[in-house]
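**Student:** Here the protein sequences come in this chain order: H and Z. To convert, note that position 85 of the first sequence is 85 in this note's numbering; the numbers rise steadily by one, no gaps. Adding 243 to a residue's 1-based position in the second sequence gives its number in this note's numbering.
To be clear, the hints were calculated from the coordinates, so they are not data collected in a lab. Just so we're clear, the structure is a prediction, and the values are computed from it rather than from any experiment. Cβ atoms here follow ideal geometry from the backbone N, Cα and C, with glycine treated the same way. Be careful, since some hints might not be right.
What the hints assert, rightly or not - Pulled a few chain H residues facing chain Z out of the computed Cβ check, cut under 7 Å:
| # | residue |
| --- | --- |
| 1 | Ser130 |
| 2 | Ala131 |
| 3 | Phe158 |
| 4 | Ser159 |
| 5 | Asp160 |
| 6 | Pro184 |
| 7 | Gly185 |
| 8 | Gln188 |
| 9 | Glu207 |
| 10 | Tyr209 |
| 11 | Val212 |
| 12 | Met216 |
| 13 | Ala219 |
| 14 | Met220 |
Stated by the list, open to error - The following residues of chain H were derived to be distant from chain Z, with all beta-carbon distances above 12 Å:
| # | residue |
| --- | --- |
| 15 | Pro62 |
| 16 | Phe75 |
| 17 | Gln77 |
| 18 | Gly90 |
| 19 | Glu141 |
To be verified - For each label pair, taking beta carbons as the anchor points, the in silico distance ranges come out as:
| # | chain 1 | residue 1 | chain 2 | residue 2 | range |
| --- | --- | --- | --- | --- | --- |
| 20 | Z | Glu364 | H | Gly30 | 50 to 58 Å |
| 21 | H | Ala225 | Z | Ala398 | 47 to 55 Å |
| 22 | Z | Leu353 | H | Pro104 | 19 to 27 Å |
| 23 | Z | Glu341 | H | Ala219 | 37 to 45 Å |
| 24 | H | Ala219 | Z | Ala269 | 21 to 29 Å |
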Amino acid sequence: MIIDAHAHVGQGRFKSLSPDELLRQMDTNGVDRAVLCPVEEQIVAFNHEGNAYILEQVRGHPARFVGFAVANPWFGQAAVRELEWALGEGLRGLKLHAVYQGFPMNNTIVYPLIEVAARHKVPVYAHCGSAHFGEPLRLVELARRYPEVTFLMGHSSFSDFWNDLPRCHQFAPNILFETSRNTPGNFQQIGKEIGTDFMVFGSNAPEHYYHVDMPMLRAMFPDPADQEKIFHRNMARALGELT
Amino acid sequence: MIIVDAHTHLGNDIYAGQWSAAATDAAADEYARVMRAAGVDKGFTFTIAGLVSDPQPGNDELARARARYPDLMLPWGTVDPYWPEAKIRHEMRRCVQELGFYGFKLHPWLQGFSLTVPGMEVVADECAALNVPVLFHDGTAFYSTALQVAYFARAHPQVTVLSGHGGLAELWPDTIAPAKELANYYIVLNGPVQQGMQQIYDEVGPDKLMFGSDGGSFHPATVTWYLARTQALRAPAEDLEKILGLNALRLVGLAV
Numbered sequence: 001m002i003i004d005a006h007a008h009v010g011q012g013r014f015k016s017l018s019p020d021e022l023l024r025q026m027d028t029n030g031v032d033r034a035v036l037c038p039v040e041e042q043i044v045a046f047n048h049e050g051n052a053y054i055l056e057q058v059r060g061h062p063a064r065f066v067g068f069a070v071a072n073p074w075f076g077q078a079a080v081r082e083l084e085w086a087l088g089e090g091l092r093g094l095k096l097h098a099v100y101q102g103f104p105m106n107n108t109i110v111y112p113l114i115e116v117a118a119r120h121k122v123p124v125y126a127h128c129g130s131a132h133f134g135e136p137l138r139l140v141e142l143a144r145r146y147p148e149v150t151f152l153m154g155h156s157s158f159s160d161f162w163n164d165l166p167r168c169h170q171f172a173p174n175i176l177f178e179t180s181r182n183t184p185g186n187f188q189q190i191g192k193e194i195g196t197d198f199m200v201f202g203s204n205a206p207e208h209y210y211h212v213d214m215p216m217l218r219a220m221f222p223d224p225a226d227q228e229k230i231f232h233r234n235m236a237r238a239l240g241e242l243t
Numbered sequence: 244m245i246i247v248d249a250h251t252h253l254g255n256d257i258y259a260g261q262w263s264a265a266a267t268d269a270a271a272d273e274y275a276r277v278m279r280a281a282g283v284d285k286g287f288t289f290t291i292a293g294l295v296s297d298p299q300p301g302n303d304e305l306a307r308a309r310a311r312y313p314d315l316m317l318p319w320g321t322v323d324p325y326w327p328e329a330k331i332r333h334e335m336r337r338c339v340q341e342l343g344f345y346g347f348k349l350h351p352w353l354q355g356f357s358l359t360v361p362g363m364e365v366v367a368d369e370c371a372a373l374n375v376p377v378l379f380h381d382g383t384a385f386y387s388t389a390l391q392v393a394y395f396a397r398a399h400p401q402v403t404v405l406s407g408h409g410g411l412a413e414l415w416p417d418t419i420a421p422a423k424e425l426a427n428y429y430i431v432l433n434g435p436v437q438q439g440m441q442q443i444y445d446e447v448g449p450d451k452l453m454f455g456s457d458g459g460s461f462h463p464a465t466v467t468w469y470l471a472r473t474q475a476l477r478a479p480a481e482d483l484e485k486i487l488g489l490n491a492l493r494l495v496g497l498a499v
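Looking at chain H on its own, in the form it has when it is part of the complex (with noise of 0.2 Å):
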């Protein structure tokens, strides 16, 4: 079984890609499963749009596809209700971009959406790596805050935060580190010094190519138990799928 932690379907600005051409490619490499978010207007202005889709494709698929919710927390009351709303409806997770959505990601404003999350036992994916908003130590300040909640690390916060991402894990164990963008040097620190436990194989498709990344993972982790948590295990714990 193999879970993509992190894939993108719909019309962006930036990523498109179909939920059928996603699939064409998860079947021509042997993923399984995959994780959905909307693209970039949905996850900044139009989160109910984005929110719709995703549902619409999960429910299409529900074998194939997981969805995860956008909620922009500057909507305030309203983006708690869209949030509780969806994963009523069958969301899973919360997906925060917080570069897109204009937020540094251990403010206060965010902390509503994240209560939600919490109350509904799902986990939360947020964007890292971007210099000030999306800093990782942002990430872990607001895990530490929410010991409770399953948080996803986008990117393992490429590029340059490599240096950071052990203290991350040391004060924040409740962090996954997903891996799209991210480099074979720094996951052969992510694995020598935080390990694989904590490491969840993601796409960000339409960013990347499955026939690209996943043999580099395949090889920088031989070990089969290793790539068994690294591109299911771990993802699906994160689900609440196995303990």
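Given chain H's structure and the hints, the job is docking chain Z onto it.
**Tutor:** What follows is chain Z alone, placed relative to chain H:
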């Protein structure tokens, strides 16, 4: 097809438990093994230790390693722009005229300087006088943004400037306009997301782009992954041939 990796480092693998990144003979042997296994013919070879401590021993390490692997390594030196002017000029001339280096690699955030400090005017002046390029780490706030490097190129049209990472995962869009506008600005495709690599190629064309991996001292997959990513570009074979090797050779005057 000749393959040139335009961004490599020589030094011990600090992730494999080495305290120092100093380039021992064993590190040079490992570099050669990794590059040859990946099918890389030549590498623009940069120091690691010289970027985080004294540049001069780092340059000497590169010269020693190149003597061991003369066909494989094309060394690029480094300097500290906070040195006195005479020392910057002396070391740059030593690197090119005595050691036979091909250019200079500077890493503003690791080395702790802004591209606007006075010493960088000296670096630019010597690069122009010696007729060698300079490559910068880019893609990182706050000393190494893609635009900071591009504006160094804009301010010094007489110097050939390489964006060493194509702006990495987030700042790559900022490399496109300078690459189209500035004759002296080139991009090593070592860091943009795959979709970004493709967009850079689609908009800039094949002539100013180079394959690079940042490999040589890290896990061998660093080289093979970036090679696979570059080969996965949707581009005709003659363009890939340029990006994978010919452009880099031409840049340092080795094109046949």
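**Student:** Evaluate each hint against the coordinates.
**Tutor:** Do the hints match the structure? See the list:
no.: 1; hint: Ser130; in the structure: holds, 6 Å
no.: 2; hint: Ala131; in the structure: holds, 4 Å
no.: 3; hint: Phe158; in the structure: holds, 5 Å
no.: 4; hint: Ser159; in the structure: holds, 4 Å
no.: 5; hint: Asp160; in the structure: holds, 4 Å
no.: 6; hint: Pro184; in the structure: holds, 4 Å
no.: 7; hint: Gly185; in the structure: holds, 4 Å
no.: 8; hint: Gln188; in the structure: holds, 4 Å
no.: 9; hint: Glu207; in the structure: holds, 4 Å
no.: 10; hint: Tyr209; in the structure: holds, 6 Å
no.: 11; hint: Val212; in the structure: holds, 5 Å
no.: 12; hint: Met216; in the structure: holds, 4 Å
no.: 13; hint: Ala219; in the structure: holds, 5 Å
no.: 14; hint: Met220; in the structure: holds, 5 Å
no.: 15; hint: Pro62; in the structure: holds, 28 Å
no.: 16; hint: Phe75; in the structure: holds, 25 Å
no.: 17; hint: Gln77; in the structure: holds, 31 Å
no.: 18; hint: Gly90; in the structure: holds, 29 Å
no.: 19; hint: Glu141; in the structure: holds, 19 Å
no.: 20; hint: Glu364/Z with Gly30/H: 50 to 58 Å; in the structure: holds, 54 Å
no.: 21; hint: Ala225/H with Ala398/Z: 47 to 55 Å; in the structure: holds, 53 Å
no.: 22; hint: Leu353/Z with Pro104/H: 19 to 27 Å; in the structure: holds, 26 Å
no.: 23; hint: Glu341/Z with Ala219/H: 37 to 45 Å; in the structure: holds, 40 Å
no.: 24; hint: Ala219/H with Ala269/Z: 21 to 29 Å; in the structure: holds, 22 Å
In summary, the structure agrees with every hint in the numbered list given earlier.
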